[in-house]
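A.B. asks: Given the coordinates of chain G, work out where chains V, R and C should sit on it, guided by the hints.
Number of protein chains: 4
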Amino acid sequence: MKRKYSVFIGNVGTCFDRHCPKYSDKEYSYSELFDRVASIDLVTGVDLVTEKDFYDNIDAVRKGLARTKLKVASIVVNLFGQPLYKQGSFSSVDPKARKQALEDTLRTKDIAEEFGCEFITIWPGQDGWDYHFQADYAQERTWFADGVRAACEYKPKIGVALEYKIREPRAHNYINTVGNTILTVKEVNRPNCGIALDIGHSFFSYENSAESVALIHKWGGNLMHMHMNDNYSSSDDDLMVGTVHTIEFLEFIYWIRKTGYNGWFTMDQFPYREDGRDAIDESTRWFDALETVMDNANMDEIADVLKKKDAVLSSKLMRKLLFPAYRK
Amino acid sequence: MKRKYSVFIGNVGTCFDRHCPKYSDKEYSYSELFDRVASIDLVTGVDLVTEKDFYDNIDAVRKGLARTKLKVASIVVNLFGQPLYKQGSFSSVDPKARKQALEDTLRTKDIAEEFGCEFITIWPGQDGWDYHFQADYAQERTWFADGVRAACEYKPKIGVALEYKIREPRAHNYINTVGNTILTVKEVNRPNCGIALDIGHSFFSYENSAESVALIHKWGGNLMHMHMNDNYSSSDDDLMVGTVHTIEFLEFIYWIRKTGYNGWFTMDQFPYREDGRDAIDESTRWFDALETVMDNANMDEIADVLKKKDAVLSSKLMRKLLFPAYRK
Amino acid sequence: MKRKYSVFIGNVGTCFDRHCPKYSDKEYSYSELFDRVASIDLVTGVDLVTEKDFYDNIDAVRKGLARTKLKVASIVVNLFGQPLYKQGSFSSVDPKARKQALEDTLRTKDIAEEFGCEFITIWPGQDGWDYHFQADYAQERTWFADGVRAACEYKPKIGVALEYKIREPRAHNYINTVGNTILTVKEVNRPNCGIALDIGHSFFSYENSAESVALIHKWGGNLMHMHMNDNYSSSDDDLMVGTVHTIEFLEFIYWIRKTGYNGWFTMDQFPYREDGRDAIDESTRWFDALETVMDNANMDEIADVLKKKDAVLSSKLMRKLLFPAYRK
Amino acid sequence: MKRKYSVFIGNVGTCFDRHCPKYSDKEYSYSELFDRVASIDLVTGVDLVTEKDFYDNIDAVRKGLARTKLKVASIVVNLFGQPLYKQGSFSSVDPKARKQALEDTLRTKDIAEEFGCEFITIWPGQDGWDYHFQADYAQERTWFADGVRAACEYKPKIGVALEYKIREPRAHNYINTVGNTILTVKEVNRPNCGIALDIGHSFFSYENSAESVALIHKWGGNLMHMHMNDNYSSSDDDLMVGTVHTIEFLEFIYWIRKTGYNGWFTMDQFPYREDGRDAIDESTRWFDALETVMDNANMDEIADVLKKKDAVLSSKLMRKLLFPAYRK
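Protein chains in written order, with the working numbering: chain G, 6 to 333; chain V, 6 to 333; chain R, 6 to 333; chain C, 6 to 333.
Warning: the hint list may mix true and false statements.
If chains are identical, the list can't say which one is meant, so a pair holds when it fits in one copy or spans any two.
[Unchecked claim] Simulated pairs of lysine-lysine, DSS-like, Cα-Cα distance not exceeding 27 Å:
id	residue 1	residue 2
1	K321	K263
2	K27	K57
3	K333	K9
4	K223	K191
5	K7	K325
6	K333	K7
7	K104	K27
8	K263	K191
9	K321	K27
Derived from the structure by calculation, the hints contain no laboratory data.
Okay, chain G solo, but in the shape it has when bound:
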């Protein structure tokens, strides 16, 4: 099945982490980053982040988009990468931070409107806590929902997708698991509020991403966006797609077909030690290969297996999906 693939523009650049301030001496201009994204066969979109240099280079962004014809899948408002938000954005105990979070979010909606994208993304990476006896978990979450609601009410045609993650950079994040995120969407209580599912975040919270899709659908969480990567179920390794959880990706694809998600699949990785462009190229090919497996599958047969709740049948089905040529 043909999918709309996007990539975080920074993924084709260079990376750093807390132990290594740069993994490569190369630096890419926005113009080069756009060209690198555009060079990936299966990618037609780009996700942006309002980091400091984004606004400084807004014209280069505009030109890059115009030149490459890439669509903007979504824009992440940067509520995590500056000292003001170190103790949270919309959930901060500091009213100045909450106010600034709203302003930054509204400004992001303006840009989103200009770039024709349907929703912005909020990843509240600093909204959480590190120590016992450090936070009022109820009050801070109420502030968070209030802030998101205000953001939803501005230019309501543009959606607001909340991305959950159980931890990192905080030891414990507020928007952490699928259930708590659905509950937050309900607390926000605006039709343009929804969820951005990062598949790696579901892996490392002991969720099954297929089941998370089913739950968002069942309980009205409003699935808006998808981030794609892989990991070893213990950390947010942000590896190339499918290189670890191969079978789980197949089941995930079954459930996105079953529940009718037709939006973007944005590659969201940290290719510290690889060429980012090539790593993203790999990820889209993995995803495409997995889609091809499902194209060749019989959806009714799968639905029938699910109704039987018999693991031996599930096993036979998975073997058939993965090893179609193997006949034993």
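C.D. replies: For chains V, R and C alone, kept in the frame of chain G given last:
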């Protein structure tokens, strides 16, 4: 603070697990079990489970309760310990299993009424899945909520508390984390449906039990019951209370005080290699000692620290709570 | 590649765990169990455990072996399933338990000799600890190594394979990870002492099973035996082979080829909710299908990729292995 | 007990991580950093890292040491924070990287000699792998041991301490767990090679730090150095000491007393959102408070409890240690 402590009656007996069919050659009659529970200083209640031998010994149970004056905190309906439920109870794809689950639950409510307890407990240990492509996560959860709703509607003065656990015995359970459980309570949509929080289950899902209490309170999950034990954050070890997560227990106690939970604290352990009576005695003394720490704390000072969101203040507070005599 | 597949005889019977005393009402005699094992196409061996009923049925075992022509891959001495060993076997603080552990082990070697198997297996499931301040980690491990050494010295043609597991049933086991197990083999210091690698145990200790094979080979741990199953990296779920860690199994097979292991692959599962015979049949077919993938691979090409340390090449290789028909 | 406390000099500065390039607008000169360290009551030493700006500011370092009289506990050679080492240092497949790693290490030994410290520290953060089929686990580890051996042989009076960590920044590190690290020390086979134990690294590999100390002692791993912090057992959160694993710290202190470690305790944290000086001050006070608890304990009584292997006695002991005033 004086608390109402209960214990699962089987905890003072003997244990087995999948690797060892018995950890002790001793066997205790129901009569002896009641005497053992009654001999624990701080315990005034007992939790029962409708295991096969429960109904066979119902008169011994009645006599034990009458003789010891122990209250029945709650009764767990056994929806997990027999072949019929191996693929789930209320969520089973087998209508016979769903029907039997309801019958077993209603019968448990009858006993609960007779024994004067305010709610029964449902721990749906077999409701879940083990393999990818084994289950329809949405449909089976709908059946689950439907069944619990029917159970709620019978003798509605008696509550139905859902106990969540992320895994074991299934590789993945449906009633798994605090958020998904609150959402299930909302799907059930009956005022006598609520939650039984097992503190160890919150530990090993990377929840903070204090935060789970706050969330159930904030989002209307209706906290009905508490199970107490400890573990190393990776499995449901069911160890003695406070022996691992000492500080987290203190924060948990702060939040149950703040949110006003006044119900039972039921010791729920598997003292495989200890004398169960002595292990439960230890657990209640740990909990009582931790309550004493909080009795000596200044609740306003703690509330003030939480408002500051400054971890150095949190650290100083925790040191003061734990080492009141240390002056540096 | 044709492999020698075995199965734990109990795997084709029925299961129980600490929450459910039986998952099926069926009971199988030893005679039936042997027939069920023999009915699995790819299986030619069986692993036995000296559980209580093993010696009671030793003649039925002899007859079953004679009738089915199944080989005995190994025998596990039951040092975990009885009250005497609840605090450990060879590492117990109780000299009586240590003495009995040796006697039970020597008796197992006698049977192993009779059945023509090359080594016995020791899985010291109760040798470990549950609580802080409960154990002298150094002294108890010394006793353990002393006991295993004595067992090695009896009938030294028969090997003694130590199976490691990080936890369960103890909260913390002594023979827990690949490194500590190699160090124990060195402490035992007898040529017939080696390691039984349970692939699921490596998964849920955040080991890569391929790397564990490499380390045992590099550091002289003497790999004697293999147990096969799968899990979700957090518990010892004992699922069907390959249904979760598909790619990791491929890399594992590469490394067992590279390091020259030619022994048994014993299916070691807990098919609680499946027909055990069918679940084992599935597992052997999965493993055989994965072997077929590697039969079709170019070993030199893989060796070359490993030398490059370039993840994009690794990704391309894995895609080619898994999706040979996909051409993008 | 009075201990020698040190701190990584950068800990009292400002932090960044992969999501936030700076958590504070403040910047500190080396001179200020030394003053901040010197202002912490219980700290008498400092640990240095040969980051790029270290050599650029070597005179400021010299002056800071002279002015504050702080001792240098150890120096970490920076084998992880530059592009050359992105695929490993001593284990790299690139001979140039291996050669440079040795040169950088020898230069660090020169500085260590000048500053009078007894050993340098190697934390091989980039020596590992991220993807299946990416690495030759045996060959790369052999290169690693060869490189460390060469480093040991230069100025052999200065030790080389290997710091293990299970993952991060790599998805899988080579020097990962206590057992594999002891085996590496044995492979290096030089008397001045030893281990730096980071207590948080033991927590998040499901080790018990007390047991790790016991194993290093038992199997001759040569414990040279200690890094102190805390976390929630799932990531390397680098929090203030004792705020999570309070009781485990007590058992750890018991075992360092029992095995006679008398070296430095270096605070190694990432106080992203706190004032680093104050966070370190807290950590040393926690550790000192925990030492005071053990000063008041009866070592013989503890040794006696360990010999009994009875968890109820362990529980009573722990309650007495933590709540000396509680009498029930």
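A.B. asks: Please go over all the hints and tell whether each is borne out by the structure.
C.D. replies: Tested hints:
Taking the shortest Cα distances, K321 and K263 sit within 27 Å of each other inside one copy (21 Å), while across copies they are farther apart (29 Å). Taking the closest pair of Cα atoms, K27 and K57 come within 27 Å of each other both inside a single copy (18 Å) and across two copies (12 Å). In this assembly of identical chains, the alpha carbons of K333 and K9 lie at most 27 Å apart only when taken from different copies (17 Å versus 37 Å within one copy). Taking the shortest alpha-carbon separations for K223 and K191, both the intra-copy value of 13 Å and the inter-copy value of 13 Å come in at or below 27 Å.
Taking the shortest alpha-carbon separations for K7 and K325, both the intra-copy value of 22 Å and the inter-copy value of 21 Å come in at or below 27 Å. Taking the closest pair of Cα atoms, K333 and K7 come within 27 Å of each other only across two copies (14 Å); inside a single copy the shortest separation is 32 Å, beyond that limit. In the homo-oligomer, the alpha carbons of K104 and K27 lie at most 27 Å apart only across protomers (21 Å), although the nearest pairing inside one protomer, at 33 Å, exceeds that limit. Taking CA atoms no more than 27 Å apart as the test, K263 paired with K191 passes in both settings, with 23 Å inside one copy and 24 Å between copies.
When the C-alpha separation of K321 and K27 is checked against a cutoff of 27 Å, the pair qualifies only between copies, where the shortest distance is 26 Å, while the shortest distance within a copy is 46 Å.
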